[in-house]
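Engineer: Using the sequences provided together with the hints, build the complete structure.
Below are the chains, spelled out letter by letter.
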Amino acid sequence: MISFLLILIPLLTGLATFFIKNEKLLRLWVLFASIITLIVSILGLCCFSDEKYLQYHGEWLSSLGASFSLKMDPAAQLLCLLNTIAFPLVFLSTWNNRYENAKNFFALMLLAQAGIMGVFLATDALLFYFFWELALIPMYFLCSQWGGEKRIAITFKFFIYTFIGSLLMLVGILYLYGHTPDHSFAIESFYNIKLTLKQQNLVFWLMFIAFAVKMPIFPLHTWQPDTYEQAPTATTMILSGVMVKMGLFGLIRWLFPIVSSVAYAWGDVITLTAIIGMIYASLIALRQDDLKRLVAYSSIAHIGLLCVGMFTQNVSGIQGAMIQMFSHGINIIGLWILVEWIEKTTGTRKMSELGGLAQRAPVMTIFFVIIALANIALPLTNAFVGEFLIFNGLLGSATQYYFLYTILAGVCIVLGAAYTLRMVRKVAYGEVNNRTENVSDISINIKIALGAIVVIIFATGIYAQPILDFTSELTNELVQKFDFIRQTLQ
Amino acid sequence: MPINYYIFLSLALFCIGIVGVLTRRNAIIIFMCIELMLNAVNLLLVAFSKMHHNVALLAGDAATTAGTDGQLFVFFIMVVAAAEVSVGLAIIVMMYRNIHSVDVNFLNRLKH
Amino acid sequence: MYLLSIDLWFLLEKALLIGGIIGLSFFIAMYTTYAERKVAAWLQDRRGPNRAGPFGIFQPLADGGKLFFKEEIIPLASNKFLFILGPAMAMITALVASTVIPWAAPFITKGGNVIPMQVADVDMGILLVFGIVSVGVYGIMIGGWASNNKFSLMAAIRGASQMVSYELPMGMALLAVLFMTGSLKMSEIVSVQVQNGWNVIYQPLGFIIFFICALAECNRTPFDLPEAENELNFGYHQEYSSMKLGFYLFAEYINMFISAAIMATVFLGGYDIPFVNEASWGLSSFWMTFISFSVLMSKICFFLFVFLWIRWTIPRFRFDQLMDLGWKKLIPLALINMIITAAVMLWLNK
Amino acid sequence: MGKQLTNRGKEVDRSPMTFLESIYLWNIIKGMGITISHLFKKKATINYPEQKRSFSKVFRGLHVLNRDAEGRENCTACGLCAVACPAEAITMEAAERLPGEEHLYREEKYAAKYEINMLRCIFCGLCEEACPKDAIYLSETFAPANYSRKGFIYKKEDLVIPHPIHEKEAYEKARGGRVEINKKD
Amino acid sequence: MGITQILFWFLSIAAIFSALMVISSKNPVHSVLWLIVTFFSISGHYIVLNAQFLAIVNVIVYAGAIMVLFLFVIMLMNLNKESEPQKHKWLRIAGAVAGGCLLLVFVAALKDTDIKHQQALVNTGNIGLIKNLGKELFTTYVVPFEISSILFLSAMVGAVVIGKKE
Amino acid sequence: MNALILSAIFGVILMFSGILLKQKAVIRNIAIAGIVLLLAVNILEMCGTVLFHVNTHGMIVFDRFALLFNTIAFVATFIYLILSARDMEKVGVNYAEYFALIFFILCGITLTSSFKSLLILFLGIEIISIPLYILTGSDKRNLKSNEASLKYFLLGAFSTGLMLMGIALIYGARGTFDTLSINMLTEGKPSLLIIAGMLLLLFSMSFKVSAAPFHFWTPDVYDGAPTVFTSFMATIVKAAVFIAFIRLFDDAFGVLQSQWQLFVAIIIVATLFIGNITAVFQQSVKRMLAYSSIAQAGFMMMAVFAMNTDAKEGLLLYAVAYCFATIGIFAVLIKMKDYTFDGFNGFAKQQPILAATTTIFLLSLAGIPLTAGFLSKFYMLKAVMITGQNLWLVIFAILMAAISVYYYFRVIQAMYFKTGDTQVVEVSSTFKWILVILSAVIILLGIYPDIVLNWLYF
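Residue numbers (this note's numbering), protein chains in the order written: chain G, 1 to 490; chain V, 1 to 112; chain C, 1 to 350; chain L, 1 to 185; chain W, 1 to 166; chain S, 1 to 458.
Because the hints were derived from the structure by calculation, they are not lab data.
Honestly, I wouldn't trust all of these hints.
Said to hold, decoys possible - Okay, derived cross-link-like pairs now, BS3-like style, lysine-lysine, Cα gap no bigger than 30 angstroms in a straight line:
no.	chain 1	residue 1	chain 2	residue 2
1	W	K165	C	K150
2	S	K418	W	K165
3	W	K164	S	K349
4	S	K349	G	K150
5	L	K113	L	K155
6	S	K349	G	K21
7	S	K144	W	K89
8	W	K165	S	K144
9	S	K22	C	K329
10	C	K80	W	K26
11	W	K116	S	K189
12	G	K150	S	K337
13	C	K329	S	K24
14	W	K135	C	K350
15	W	K164	C	K328
16	C	K150	W	K89
17	S	K349	S	K189
18	G	K21	S	K90
19	L	K150	L	K113
20	C	K329	W	K116
21	G	K21	S	K432
22	W	K164	S	K90
23	G	K447	G	K426
24	W	K164	S	K418
25	W	K26	C	K150
26	G	K150	S	K418
27	L	K109	L	K155
Structural biologist: Structural data, given as structure tokens:
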């Protein structure tokens with residue numbers, strides 16, 4: 001029931017939003033809606049551990065073997081929480097932004113939230129695909145209507161990339177469906193499929209490409225920096241904070257359990273590409289002058305690490321990745337809020353044109369530094385927990401090159417620290433110039449948003465155990481399955 | 001007559017029709033070649049109809065009407081051909097009124 | 001009745017018959033030209049040709065001779081082959097239609113052989129006539145086109161459209177008759193009439209329609225638009241001279257003859273003598289054949305006379321009037337006639 | 001008023017057609033009745049060269065220049081006929097009769113040249129009426145066809161009647177019935 | 001070689017020859033006339049097969065109505081050989097070769113069919129007679145027959161739509 | 001049977017209404033009433049009430065599949081008429097005749113959806129084709145329309161010739177025109193005659209549905225024809241021919257599936273490839289839609305390829321989705337002055353409702369989830385997938401569908417993200433409402449297609 005509500009609330013409120021004309025009312029309404037969703041998701045996380053509240057099953061397309069099945073397992077719960085946290089933050093931080101056709105903008109945002117939520121919750125492959133696309137379409141419109149100058153072409157590139165990916169995933173789903181014994185799209189039937197290695201290979205690549213595009217990892221990432229740059233920041237926050245997690249989540253729920261043996265076999269290759277991508281992204285980030293692009297590339301690097309964590313396929317790595325999914329979402333939203341603010345107040349995103357903001361906006365600077373440090377995974381911040389676990393997992397992983405990988409990944413962390421600190425230095429410190437002269441400090445709404453983020457950063461960074469406990473059961477199950485397969489393979 | 005003779009005869013006529021359609025530029029001639037194709041089909045159907053009739057007769061059914069359907073089909077083809085011709089010629093004349101030519105190469109103008 | 005079962009005696013018999021019919025056709029056609037002039041004269045209170053032979057009965061021979069010996073001119077710009085083909089086709093199609101008409105009661109030889117006085121009593125009898133009539137257009141069209149003269153061409157196109165248009169009501173009028181006779185065979189159509197009375201009694205409307213269409217098919221006044229002198233100089237055979245012109249003219253008269261014969265056969269009982277039972281006279285087969293033949297001929301002559309009579313009474317239509325009449329009057333009428341006949345037949349057979 | 005020859009005098013009937021008229025068939029049959037009735041009427045034509053119609057009494061044909069019973073020409077070239085001619089078809093030249101020509105010309109003056117243009121002549125007969133000498137009168141014959149316009153200008157030779165004594169038969173023929181009237185004078 | 005065979009070969013050769021002339025005549029009017037010849041030879045074939053009804057319908061419909069229309073249109077447009085531009089020579093050769101190949105393929109494919117030993121009944125058999133066809137047409141095939149009237153109606157409406165002057 | 005007879009009757013009524021009635025609105029209303037009546041009697045027949053009992057001797061069988069498709073076609077025609085019937089006035093003066101022809105086409109559609117005899121198939125296809133030739137050329141003063149008509153006619157007649165040759169060969173092999181009897185093979189390998197005939201039929205049917213490589217007429221014809229009629233012919237008619245296609249190959253050649261499947265696969269690949277790739281390069285939306293219809297035909301061909309329950313259900317769904325969406329787009333397109341992509345610039349600003357509904361139609365055509373277009377494509381893919389061993393085809397189709405997104409979204413981009421002055425004819429609020437309802441239906445079907453498909457079974 002909870003899970004159904006989580007989709008229904010943003011969906012209905014989103015549709016209703018199309019008809020709200022009053023600007024003030026509109027903002028209150030969407031904030032209200034998103035907070036309601038947040039409350040529901042927290043309820044789902046804390047109060048109702050009973051399965052019957054977390055699951056939902058409805059008749060839908062039964063002739064096709066599909067159903068409207070939702071389930072909140074721990075991984076999904078974590079991401080739902082992220083999703084529900086992200087939206088109020090976004091709405092709050094963009095309180096003062098002016099949008100043309102604001103009602104459409106917010107309605108589409110809420111629809112996207114519903115879609116993303118559906119992706120995390122669906123336990124029916126067809127439904128999963130539906131929500132996957134439902135999340136994409138509003139994003140497309142949001143980016144191309146309210147984005148930057150080159151938005152149309154760039155967003156279209158983004159759309160085509162993800163769409164081709166998702167269509168391939170559809171083929172994969174269909175292929176699996178063809179092999180289910182009871183001709184059903186239910187995830188349970190999918191888990192029961194017995195495939196030969198060759199078939200598994202096929203399915204793996206069909207679906208992995210979709211997820212990889214979404215994340216994105218190295219060779220498929222080219223849409224990402226451009227899109228982040230051109231999209232309206234509110235959308236970018238959702239894109240980078242929540243949507244990329246769809247790909248990672250897909251790995252856990254839809255790929256590894258079904259084709260775990262080939263996932264394991266390809267683990268090396270993918271880890272290597274991910275790491276190459278990380279290094280590449282970090283190096284580019286070092287050379288960036290544009291704030292948005294820098295954050296975008298840093299995101300690629302982080303996601304690469306998450307992917308590596310996933311493919312370690314041990315408890316530590318996967319749990320790390322899970323936590324890090326959450327943490328990265330929070331951190332990067334914080335970064336985007338700041339970048340957005342900087343761009344709005346100074347009129348530029350170029351670091352070379354900025355400087356001395358610490359003098360003019362000290363509160364902002366404090367937040368900026370904290371979030372930046374969280375981003376480079378300083379201990380006591382949330383990202384540290386995740387990255388530490390991932391490195392741990394990588395070291396303990398079964399690949400023969402684990403050591404090399406660990407070193408390379410470590411290099412990336414160092415590079416990450418380098419460019420993040422460079423950013424902080426360039427933006428916050430140095431001389432005040434004519435652009436930054438007349439800047440006043442951040443407004444109250446941003447303060448609230450950033451404050452919440454900082455609270456979460458520290459809370460998770462200091463006391464991550466509840467989350468670890470929460471996901472450990474799921475992770476163990478998965479890893480046992482991997483181990484079983486690994487043993488049978490040997 | 002052996003049925004093969006008829007098959008080859010009507011196939012030959014059919015292919016001559018096709019060659020005409022492919023090689024001529026005058027819309028009316030092309031249309032005529034299509035009529036030729038239809039006639040080849042008609043001939044073949046009649047021959048088959050008589051063949052099936054023969055088969056039924058040889059099978060000992062003296063009062064058989066096997067093969068009637070083939071000839072009726074030919075009748076329908078003729079009917080349809082007549083209707084088609086009326087429309088087709090109307091179209092050709094309409095085009096001639098506008099461009100004073102029945103050359104099908106003019107049709108390429110649609111491709112830009 | 002199989003079309004291709006052939007033996008020698010049969011061939012000879014048919015050859016004789018064909019020769020006879022062709023000769024007869026020519027003879028009748030020749031004398032229809034004579035009759036045309038005579039009747040025209042009479043109806044206009046004149047005397048008509050009376051110089052060649054007693055009462056001018058050699059006039060057609062003289063006309064023919066004149067046509068034969070006139071200079072033959074083939075226009076330079078014309079299409080030679082088609083120019084010659086045109087009148088030939090007109091002539092051939094005119095002649096062929098006579099094959100299915102039963103000219104007299106069958107002749108029974110001493111040996112008991114029945115010789116039908118009909119070239120071919122084919123299954124689709126009357127349809128064959130239609131087939132041939134519909135092919136008859138080509139003579140006019142080809143001739144008119146090959147002349148390479150705009151008047152000829154216009155006349156040819158007029159003629160063709162006229163003939164094609166009037167074939168329709170003609171066929172539909174005939175259909176009503178076919179409902180009643182239940183056969184397409186000419187011989188059966190006649191024998192049904194011998195038993196039940198002439199079709200013209202049951203089908204007066206059909207007969208009138210058929211008759212009007214026959215006029216149009218033969219390009220007779222008031223439907224002689226293809227040769228309307230005052231608009232088209234001389235119509236489709238404007239460029240023709242000598243015997244080729246003669247063929248065209250002749251073909252027209254042969255057509256008249258054949259259509260008269262068909263009307264007589266289909267509507268007036270063919271060789272049947274009305275109101276009497278000739279079989280009870282006990283005449284020999286030869287005489288029976290002869291009498292029936294003369295009865296048919298008299299009917300034909302009557303129709304021919306009516307043709308001529310109409311020609312010299314009614315003025316020519318305008319082309320639009322002609323088409324109006326054909327499409328808007330005759331076809332609906334023929335349809336109605338057909339439907340009523342069918343309904344009545346159904347009712348009677350129930 | 002007797003029977004009218006044409007319908008020209010009749011007023012056109014513009015009333016709408018009745019049903020019977022609108023199907024035409026009846027009218028056609030009526031028309032055919034009219035034509036067929038002519039089949040049985042007396043023929044208006046005759047077998048011309050063999051049979052001929054008599055001319056009316058007042059028929060005016062080709063001109064003739066008369067001679068008297070002795071064969072002398074009556075014409076004195078007075079010119080009255082030329083004056084009377086509305087079509088100005090007659091021209092003449094006068095000449096004095098020379099001694100020894102008395103048997104040729106009745107008076108002292110005669111027409112040396114006398115021409116009538118038959119293409120202009122309207123056969124009105126005014127010349128005949130104008131003539132004081134009964135020298136010209138209109139016969140019962142037609143002007144025959146000719147190949148040239150010149151041929152229709154009739155000279156005196158063409159017009160003068162044959163000699164009553166030397167060519168008696170021809171004279172009688174040319175004279176026709178008309179001379180009777182002359183004789184009465 | 002009986003008379004049937006002679007007729008068959010004669011009609012076949014006539015049909016193919018005239019069909020070839022149809023596509024090779026420069027003058028459209030000649031094409032039409034050759035096509036009429038083709039139709040007549042096909043009608044002849046029908047008679048050989050004792051399909052009398054079709055034979056005569058073929059003459060009435062094709063030779064008598066359809067080809068008249070064709071001739072009509074060609075004459076109205078006054079198309080002569082000068083007015084018909086020829087396709088490029090190679091294009092024509094290509095077309096002919098394509099058609100020939102098609103024929104070859106057909107013949108090669110169908111020369112050994114399972115019915116190759118069957119005979120088509122000639123001269124005899126009464127299914128082609130009008131009475132039998134009529135009976136069948138108005139009992140079993142009465143629905144298609146009525147349907148074809150709809151076809152005609154639509155063609156008629158169509159010809160009016162296209163042909164009527166505005 | 002109800003619909004077959006009534007559609008013919010209404011064709012005749014409308015034919016005469018042109019002579020008897022002067023007001024165009026009355027004629028239009030008669031036509032709309034006619035289609036409503038057709039729909040009603042067809043639904044009656046689905047419920048078991050047959051008004052006309054005609055013994056067709058097994059040549060026409062109105063099974064559920066046929067009836068359901070007829071219903072779909074009638075609904076689509078109804079929508080088409082209320083959206084676009086007014087625009088036919090602009091084409092020419094023969095207003096009533098256009099409706100008459102459309103009703104005759106509907107009559108042909110009922111035939112092609114229900115035939116059990118090749119004779120009926122042939123007649124049905126011809127009844128569909130002949131009025132279409134005319135509707136294509138109905139804009140008589142427009143040279144493009146003339147040429148399109150002539151081209152369509154010549155090629156259509158040519159393909160009819162091929163089809164007839166195919167039928168003749170099949171008749172030679174089987175001695176019957178009954179599709180089910182044709183399917184009953186004796187034993188061993190099938191006769192060469194039947195294979196040759198079947199291929200010829202395949203080619204001609206591919207031509208009629210404009211599948212590559214027999215598609216070359218489609219863009220020109222769709223482009224040249226008056227847009228109102230392009231809308232009809234690219235949607236309802238095309239779907240009807242597909243129904244005929246699948247029926248023919250299911251009933252008559254089901255046993256021979258192994259023989260023709262490869263050919264169909266090649267045709268599908270070619271159609272998808274050519275349709276999508278060429279559509280990308282078009283500048284005119286109308287022409288783009290023509291190519292997209294080729295591409296969609298490629299997808300629909302997959303139903304023929306797979307030939308199972310899913311394929312048939314899916315084809316019906318596809319028919320609905322495709323017809324509704326395309327009719328909607330064309331209805332909007334007719335109102336435009338400029339048919340190029342640039343003509344749509346800034347459309348959303350001026351006509352937000354039209355733009356929104358058009359977007360939904362385009363999304364449906366592109367096969368984006370939540371629209372009927374997605375599910376119908378999904379059904380096709382699924383149908384092919386469960387035949388096994390044809391993954392390559394599915395992947396290829398998917399890639400092509402991704403390409404199709406490019407050109408559909410070009411319109412969306414133009415409408416929403418570009419600025420410009422779109423010239424639009426004023427539209428009534430009814431028009432807008434119907435479009436809104438139509439798009440709602442498309443979304444509804446995209447979520448819950450069983451409301452259509454359940455009619456197949458009960």
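Engineer: Evaluate each hint against the coordinates.
Structural biologist: Verification of the hints:
{"no.": "1", "hint": "W:K165 with C:K150", "in the structure": "holds (24 angstroms)"}
{"no.": "2", "hint": "S:K418 with W:K165", "in the structure": "violated (44 angstroms)"}
{"no.": "3", "hint": "W:K164 with S:K349", "in the structure": "violated (43 angstroms)"}
{"no.": "4", "hint": "S:K349 with G:K150", "in the structure": "holds (20 angstroms)"}
{"no.": "5", "hint": "L:K113 with L:K155", "in the structure": "holds (7 angstroms)"}
{"no.": "6", "hint": "S:K349 with G:K21", "in the structure": "holds (16 angstroms)"}
{"no.": "7", "hint": "S:K144 with W:K89", "in the structure": "holds (28 angstroms)"}
{"no.": "8", "hint": "W:K165 with S:K144", "in the structure": "holds (18 angstroms)"}
{"no.": "9", "hint": "S:K22 with C:K329", "in the structure": "holds (24 angstroms)"}
{"no.": "10", "hint": "C:K80 with W:K26", "in the structure": "holds (16 angstroms)"}
{"no.": "11", "hint": "W:K116 with S:K189", "in the structure": "holds (16 angstroms)"}
{"no.": "12", "hint": "G:K150 with S:K337", "in the structure": "holds (28 angstroms)"}
{"no.": "13", "hint": "C:K329 with S:K24", "in the structure": "holds (29 angstroms)"}
{"no.": "14", "hint": "W:K135 with C:K350", "in the structure": "holds (18 angstroms)"}
{"no.": "15", "hint": "W:K164 with C:K328", "in the structure": "holds (16 angstroms)"}
{"no.": "16", "hint": "C:K150 with W:K89", "in the structure": "violated (34 angstroms)"}
{"no.": "17", "hint": "S:K349 with S:K189", "in the structure": "violated (64 angstroms)"}
{"no.": "18", "hint": "G:K21 with S:K90", "in the structure": "violated (39 angstroms)"}
{"no.": "19", "hint": "L:K150 with L:K113", "in the structure": "holds (16 angstroms)"}
{"no.": "20", "hint": "C:K329 with W:K116", "in the structure": "violated (54 angstroms)"}
{"no.": "21", "hint": "G:K21 with S:K432", "in the structure": "holds (21 angstroms)"}
{"no.": "22", "hint": "W:K164 with S:K90", "in the structure": "holds (17 angstroms)"}
{"no.": "23", "hint": "G:K447 with G:K426", "in the structure": "holds (22 angstroms)"}
{"no.": "24", "hint": "W:K164 with S:K418", "in the structure": "violated (45 angstroms)"}
{"no.": "25", "hint": "W:K26 with C:K150", "in the structure": "holds (22 angstroms)"}
{"no.": "26", "hint": "G:K150 with S:K418", "in the structure": "holds (11 angstroms)"}
{"no.": "27", "hint": "L:K109 with L:K155", "in the structure": "holds (18 angstroms)"}
In summary, the structure is inconsistent with hints 2, 3, 16, 17, 18, 20 and 24 from the numbered list given earlier, while agreeing with the others.
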